[in-house]
Structures are given as structure tokens and as C-alpha cells.
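Visitor: Okay, here's what each chain looks like letter by letter:
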Amino acid sequence: MKELRQAVEAQWPNLEVMIGWGWGFDLLHGRPLFVRKIEEVAGLVWNPFCVQNLTGYLAKIPAVQAEDKAKKIGVCVRGCDSRSLVALIQEKLVSREQLMVFGLPCQGTVDWRRLAAHSPLVGVKSARIEGERLLVEDSRTIREFTLDQVLARRCLRCTHPNPVVYDVLIGEQVAPRATSLDRYRDVERVEALDVGGRLAFWREALDRCIRCYACRNACPLCICQDRCIAETRDPKWLSQYMGLPEKFLFHFIHALHLAGRCTECGECERVCPMEIPVTLMKEKLGRIVGDLMGYEAGLDPEATPPLLTFNPAETGV
Amino acid sequence: MSKMIFIGSDQLTAALDHLSERVELWVPAGASGGPGVIRFQRYRPGVEVVLDRLTNLSPKEAVQPQVETLLRFRTVKSADDPAAEQLLLDDGIEARRVLVFGARPCDARAFLLSDEVFLKGPYEDVYYRARRESTLLAALVCREGDDACFCSAVGGGPADTAGSDLRIVPVEGGVVVEALGEEAESLLEGLGEVVSDAGREEALRVVDEISALCMGEIDTSASVQAFKSRFEDRDYWREVAERCLSCGVCTFVCPTCYCFTITDEKRGLEGERLRSWDSCMFYQYTLEASGHNPRPTKLERYRNRVGHKFSYFPEKYDGRFSCTGCGRCVRFCPVSIDIRRAVSGLKENICECP
Amino acid sequence: MSVLNPYRPELATIREVIQETASIRTLRVTLDDAEKMRGFSFQPGQVGQLSVFGVGESTFVINSPPSCRDYLQFSIMRVGEVTQRLHQLNVGDQIGVRAPLGNAFPVEEMRGKHILFIAGGIGMAPLRTLLLTLLEERERYGEITLIYGARSPGDLCYRYEFEDWKSRGAELVLTVDQEFPGWTERVGFVPTVLSEESPSPHNRIAVVCGPPIMIKFVLFGLKELEFEDHQIFTTLEKRMKCGIGICGRCNIGSQYVCVDGPVFNFDQLRHMVPDL
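Going line by line, the protein sequences match chains A, B and C.
Quick note on numbering: the numbering used here labels position 252 of the first sequence as 252, and the sequence is numbered without any gaps.
Quick note on numbering: the numbering used here labels position 227 of the second sequence as 227, and the sequence is numbered without any gaps.
Quick note on numbering: the numbering used here labels position 67 of the third sequence as 67, and the sequence is numbered without any gaps.
Here chain A stands alone, though its shape is the one from the complex (with noise of 0.2 angstroms):
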């Protein structure tokens, strides 16, 4: 954390802004934070409840901008959200050359909720993790919970842990948590089910969404969000009626819309109130895109997501 701040300070002369974390509304929960005076520097936190995205804050409108072009937009990114930005780049979305990116090797990030759903916490004095574990004291107790427990399920399957791109690295690179093999465990789970098992599982599963479409807006590559296909009515493809038609339909659309893009940053399913394992559907198209084409999203910035483009001498399609 302290490393973050100062590197921060240093590369202060070029920057305008600086895109980090800061707490939010309690210890178990960090926020975006938005630096533009270095007195504010200090207020930059880097720890397990960093959890959000912040790439997608120079896509969307109104995008995060320097009024002086000879200024940079600084950002912080973990190993998820450096392949997020590498896709904006691929996509022109954002240009590389505005950005000084602090890149920041990460262990994991704590799902709040996994905490939650032991037992409510009350008055939350601290949360620290210590090696594998995470200790949290509130105004009753000092629970312990190992990060299995607590972790969330992106970071539980995570193969990429360090920045793919950055400019300043923050801290020493980690190693993955999951491999080549078993990062699709939870996809096969749900595909070891015979087909009457899995409709059932994604019929439960979408049952409970209530069409809030947080997880379209916190997909930093869902640019379109305002005008999204969801919700036109000129042509209509979605009616009001809130049925698992409507909702298999958005999911499956918005997941389609994703195909070759997704980097699987695990977003959609973190802001999801009602706990629908999103990510899921758009990891499984994930890994067909990567065995029919040979591609992983979000790493190469100079490459061009196979489903944006058509290339004739294309084999295995």
C-alpha cells in the first residue's frame, strides 16, 4: 500500500488524475477512488476488499479524461483488469499512450458476502489477512476464516494473478492459484450435469434475476449500455414481462455479446444482488472460443478478438 502511494507521488508531475481504490463504507469494503490533488494520494488503499474494475471508468461516458494532454490518467490494475484493459485497447476503446498504469500482482479479493453468510457482522473494528487466512474483529467477536472460505470465486480460479501490462509495478509477482486445467471446474460441474440437470441448474439460477442489469453496467467492455439491445423498443427483443424467457434471453445475449472479449474478470457476478453465478456462462463460451481459435481474451493488445473479425483461412470452425 505504501508502495502504491509513493509510486504514485513520484509519477505525480505527469499525471491529472489518478484512478485507485479508497475504503468505502466500512473495512470489509473498498471503493474506486479518484485522485486529482496529491494531498488525496494518501487516501489510496490497496488491500483484499479492492475489488473493483476501475478500466471501465476510461470507456464509459462520461470517460475519465486529462484536460491537459500533455498529462497522463493514471490506473491502477490487478491481473483480471490489466486483461480488461488490454481488450479496451484492442477494441480502440481507450489509447494506451494516455495511461500510466501501476500494476499490482494480487493474491485475491474477499467476497464480502461469503463473509456475510456465516453471520452478520456489527461494528467491523478491522479485516486483515494473515498468510491463508483472514481475521476480521467486529464489536463481538475476532473471526477467522481461511481464504478459501472468503475468497471470491474469480480469484479461487485465477490464472492470471499478474498485470499483463503496467507501466509501474507495485509488489512482487505471485503465482496463479489455478491452472491451465482446473480453471474450468466450475463450468464442467454444471456440464457433468445431463441436459435435463443443467436447464434445471440455470432455470434456478436466472429464476431469481430481476433484470437490474448491474452486471451489464459493471462490464467495463459493455460500452453500448445505454442503448442496449435489452431495452430498445424500436426493434423490441425484450419485453417487460420478467419470465426465465426474458431473462435467459438477455443473459444469453449479453454473454454471446462478450464471446472473445470476456476476460473473465469476474465483475458481472460480484455486483449481481441476487448472487446468480454470471461469469459462469460467459467462462464456458470462453473456452470454446479458446479451443476453437486458439485465443484468451485480454492479452495481447495488438490482437483482434476473433469474433470482431473474419478470417477466411480460419480452421477448426
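There may be inaccurate statements among the hints.
[Stated by the list, open to error] Far from chain B, by Cβ distances over 12 angstroms, these chain C residues were calculated: (1) D32; (2) P66; (3) Q88; (4) K113; (5) G142; (6) T145; (7) R168; (8) R186; (9) S254; (10) C258; (11) Q268.
[As the list claims (entries may be wrong)] Each computed DSS-like pair below joins lysine-lysine, with the alpha-carbon atoms no more than 30 angstroms apart: (12) B:K266 - C:K36; (13) C:K166 - C:K216; (14) A:K236 - B:K77; (15) B:K347 - B:K228; (16) A:K72 - A:K2; (17) B:K347 - A:K37; (18) A:K2 - A:K69; (19) C:K223 - B:K228; (20) A:K71 - A:K125; (21) C:K238 - C:K36; (22) A:K37 - A:K69; (23) A:K69 - A:K236; (24) C:K238 - B:K316; (25) C:K238 - A:K236; (26) B:K228 - B:K316; (27) B:K316 - B:K347; (28) B:K228 - C:K216; (29) A:K236 - B:K266; (30) C:K36 - B:K120; (31) C:K238 - C:K216; (32) C:K238 - B:K228; (33) A:K37 - A:K2; (34) B:K347 - A:K125; (35) C:K238 - B:K266; (36) A:K125 - A:K72; (37) A:K92 - A:K71; (38) C:K238 - B:K120; (39) C:K36 - B:K77; (40) C:K223 - C:K166.
Honestly, the hints are just simulated from the structure, not real lab data.
All C-beta atoms in this analysis are idealised placements derived from N, C-alpha and C, irrespective of residue type, glycine included.
Got chain A sorted already, so can you dock chains B and C onto it with the hints?
Guide: Structure of chains B and C alone, referenced to chain A:
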């Protein structure tokens, strides 16, 4: 003296079974497949009730379902005269008797605020009235809040009865259920023993203890005017809402958010006019057909949200905020925007961020 | 449902269609329930929500005068889903009507005064109601002047009524944005023509309606002529759904355009948050 009965913890399930035979009973329970998501669901024997925490979605669904049909229309043609068409409209509503068991005082209070809009304006919303009149609320008092609760700061309290028909008080070995009206009394017949004097005293003592708790403090004084003075301070609203995703989760989980849209759906010769939840956080909310949008970005939209809840609504309704301090928006906001800070900062020179 | 349901439209039938311009169409409708039609009353400035069942509902000012008992008139500009469909309907087709909604022009306040109407394009629609109402009792008002401008002669609505209005005592100043063959009236934007006309603010009320940009410059012009805020009225537009002050979206601060408006004077607007 209000009727009070005692239901032992081991008898609660049986009592709910009985209640569910008399009335459509809604209780907080984990969602199928998503046990961490607690929401109000239809009680059936076997449903596990969760009473130790606030629900994700408020019980406003009982009176304002996420989607409801306002009108059914169909075109009928005549066999004798094929060119003649007649349009038929139907606006019937079926409201069933519902008891929402295990709401919280903040949830119950919210209904009174919505009543102002739906029932006491220049026009009465007949659909809302039908459901409202047939819905009873049993609110469980809150022994404790979490770091997001702030009911005391907005005119409510953890044992408040405003909007409730029944009050549920946790006592040694079970709960005391207190009827706050005649209809509620009749509902309690045979569910448990009428409390003894000592039992009544204990229940009232717990209520007093809880009522003394202060759940949250924010400076809401003069917010009506403070908001207007801050309206054009774009730096302030950028500070507050720059991180907003316009995702709308805050409005969906909020018990006092009532905004809706009306859309027509048609299949062939028949169709329906639907009313469904909308959100002032969405771009389309105020988008005009000409393409002009008075609130084109999240800044204007979030500003309107704070304004509506803490300035416009109290201006119209004797200083009451369109907020009961349940804290759901704070808990569920993906970027941890805290409306408490947005409000308390209205009067300050600088918005203090943690 | 037996109780009065403010969401339920009355069925109405289109009796006459007038294509005013390429994008503006006037519909004259009667309520199917003859008794309701006979008993229908409203005040100038009030609006109605027209339903095309299966498509949606939109708000339009009732732009026939209250004295007209034979039909209700609405002039519709084609901009979106519902208006597109309304433009495709013909005589004999049924629609829904929820009316009257909203507030009205303060006709009482206008008695004994000079009235200056300033309209641009479709903005003439709400002003027509008021104009015709005042002309019915011409002697109760001072000068009645209309400055009406549009992009081209073909974009002026109600051209077939101008002579009638003149003959009943309204002074018409018509203008289009540029020269057109055969056009002998004024040329210039409405705010420019207003400055040229230079009406005195003394004992005069201005009623303005048109595209937002026109209203903005007309307002400058009127202030330069020393009109005060309370002398200037307009009708506002917002995206609307319920039309009855419940759904929440058409608010400007604590006021709803659908029930506290759409008629506002600028003194009121000055005291409202600038959320337009």
C-alpha cells in the same frame, strides 16, 4: 391494551403453518440455488425462515410487484363484417389477502411513504390500493443493526411500529407477537398463548431497550434547502457519484423507491399494458423521443436520487424523507457509494471521503 | 373495475385526419361513450394521453378549444414509437384517451391584457387552444398578436385557419427561416422577428412554445424588451408515463410536469432546480 401472544422458538414453524392456511404468507427465506440471497417468498411447510438479517429485496414487492398488468386489451372482429373491429379493455385486478411476516420497521415504514404518492395525490392508484388494503405487515424489531443501518437518522427506529400491523419482539425462548389493530388480532387466534402480565412486561422492556438504540446518525437538517444550494455544484456531485455505474441496484433493493414504467406488449390481436419497476439511475429514464435527455450522465441521475429522497419528497410531505435508513443501497452498491455521506456532505464545504 | 381508474383510457375513434406538414398530423377524435363525450370538459393548456394499444401512450395537448363539443383535436409530431404508429392510423381507427390531465393556462389572469403568442413549429399546437379560446371573447382582451415561425412555409401548421384567426382579431406575424418562392411574409428566426417587432411589455403577457433552443433565445429577447418573469408562460415537455404524478420520472425538483404543469411561468421556473 394490545393483544400479545407468545410463540416459543420450537413452535414457530407450527404457527407459520397455521398462518399459511389462513392467509397468503410471505416470509424471508433463502432463494433456491442462492441460499445467501434472502428475499420474501411464499411460505409453505418446509420453507426455512431466515430472521437474523435483513432481506436483499424489500417487501415492497407485496404491494408493488415487479411486473403487473394494468390493462388487457384485445381486438375482436366480426364474422359478418370483416372490416369492423372492436377494441375491448379489461382492467380487473385480483388482490389476495397477504401477510408479510418478518419485515423490519424500516420496511414497514416505507409503505406509509409510498402511500402518500399512490393514494393521497391528485389521483389514486387503484391497483396499489387494492393490494395495500389486503396486505398486513408483521415487523420484527431489530436487536442490532449493522454498519449500514441508519433508521434512527431518518425518523424511524429499530422498534418503530409505523406502518406495521403486528410487532414481533424477540424474548427469552421465543417471540412475542403484538397485534396493533383489530384485523391483526383476529389473525392471531390460536397461534400461541396470550402473554401473562410478566410476559407483557418483558416484551415491553425489550421494546424500550431496543427503542433506546440509536441506529445511525447523519446531519439531515435543512437538507431540503442545502440540496438546492448544492444543485449546480458539479464538483460536489462528481466527488459523490463519479464511481457510480448507473447499475440501478440501489433502486431495486430500496423499500421506498417506487418509480415504474408502463409498456405495452402485444401478440396478434391481444396484449397487455404492463407496469414494471424502473430506475432513475437508467439512461432511458428521462430520455425524450427527440433525443434530448435532461439527465444524460450518472452525475445528474445520482443527484436526482439524493434530491428526490432528501429534498423534493420532504418538501412535499412535511419534512419526511423518502428513505427509511434500511441501508440496503449502502450494502449492495458495487462501488460503495454511501448515500449518508452524500446527504451529510450537502452542508459541508468539502465532501469528506473515508 | 368499478372504481375510477386513472390508468384506464377511454376508447375513442378518429373522425378526421389532417396532414399539417410532413411530420405533423392532426387527429380529431370523439370518445366512443357518447355521454362521456357530451360531458367532457377541459381548460386550455390541459393535455391528454393517447394510447395505441400494443404500442404505448404519449402526451399531447388538447388543441381544440373547450367550446368545441364535436371532437377533441390533437396535433402529433412523428418522433418515436407511439407517434409513428399514430401517423399510420386513419378515420375509423380506435385509440385510447386519458384526459384532461395537467394544469391550464391562467385565462382569468389574461383578461384585459395584451397577449403575445410566440410559437415555433409544433409549438403552435398548445397555443392554438388558448388563441381560439381568447378569440371567442375578443372584447375581453387587448391586442392579440401571434409570432409564428417554422423552417419553411410547408412546416407551418393550421395554415388553412390563418385567415379565420385574422378576421377574428388576431394579428399574425408569420416567418420562415429563409426565403422561399412564393413566400411573401417575413423571413428570419423567431427570436429575430420578435426583436424586430419589439412589443412593449406594458400590460402584456407572453405565451411561448417551441423547440428548446427557440424558447431560450425568445426568453433573452423578451428580457431585453423588459418583460418580467411572471409575464412569460410556456408549456414544458418531459418523458411521461403515468401522467398522473405517480411514476416519478417527469419531475423538476418537487414539481411534476404532468400534474403541476405543463403550463409554467418563468417566475416559477426560476425558483425550480435547473433540471431541464
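Visitor: Hint by hint, say whether it matches the structure.
Guide: Results for each hint:
| no. | hint | verdict |
| --- | --- | --- |
| 1 | D32 | violated (9 angstroms) |
| 2 | P66 | holds (20 angstroms) |
| 3 | Q88 | holds (15 angstroms) |
| 4 | K113 | holds (29 angstroms) |
| 5 | G142 | holds (34 angstroms) |
| 6 | T145 | holds (28 angstroms) |
| 7 | R168 | holds (33 angstroms) |
| 8 | R186 | holds (26 angstroms) |
| 9 | S254 | violated (4 angstroms) |
| 10 | C258 | violated (10 angstroms) |
| 11 | Q268 | holds (14 angstroms) |
| 12 | B:K266 - C:K36 | holds (28 angstroms) |
| 13 | C:K166 - C:K216 | holds (28 angstroms) |
| 14 | A:K236 - B:K77 | holds (27 angstroms) |
| 15 | B:K347 - B:K228 | holds (11 angstroms) |
| 16 | A:K72 - A:K2 | holds (22 angstroms) |
| 17 | B:K347 - A:K37 | holds (22 angstroms) |
| 18 | A:K2 - A:K69 | holds (28 angstroms) |
| 19 | C:K223 - B:K228 | holds (25 angstroms) |
| 20 | A:K71 - A:K125 | violated (39 angstroms) |
| 21 | C:K238 - C:K36 | holds (28 angstroms) |
| 22 | A:K37 - A:K69 | holds (17 angstroms) |
| 23 | A:K69 - A:K236 | violated (41 angstroms) |
| 24 | C:K238 - B:K316 | holds (20 angstroms) |
| 25 | C:K238 - A:K236 | holds (22 angstroms) |
| 26 | B:K228 - B:K316 | holds (14 angstroms) |
| 27 | B:K316 - B:K347 | holds (21 angstroms) |
| 28 | B:K228 - C:K216 | holds (22 angstroms) |
| 29 | A:K236 - B:K266 | holds (11 angstroms) |
| 30 | C:K36 - B:K120 | holds (26 angstroms) |
| 31 | C:K238 - C:K216 | holds (16 angstroms) |
| 32 | C:K238 - B:K228 | holds (21 angstroms) |
| 33 | A:K37 - A:K2 | holds (17 angstroms) |
| 34 | B:K347 - A:K125 | holds (28 angstroms) |
| 35 | C:K238 - B:K266 | holds (25 angstroms) |
| 36 | A:K125 - A:K72 | violated (37 angstroms) |
| 37 | A:K92 - A:K71 | holds (20 angstroms) |
| 38 | C:K238 - B:K120 | holds (23 angstroms) |
| 39 | C:K36 - B:K77 | holds (25 angstroms) |
| 40 | C:K223 - C:K166 | holds (28 angstroms) |
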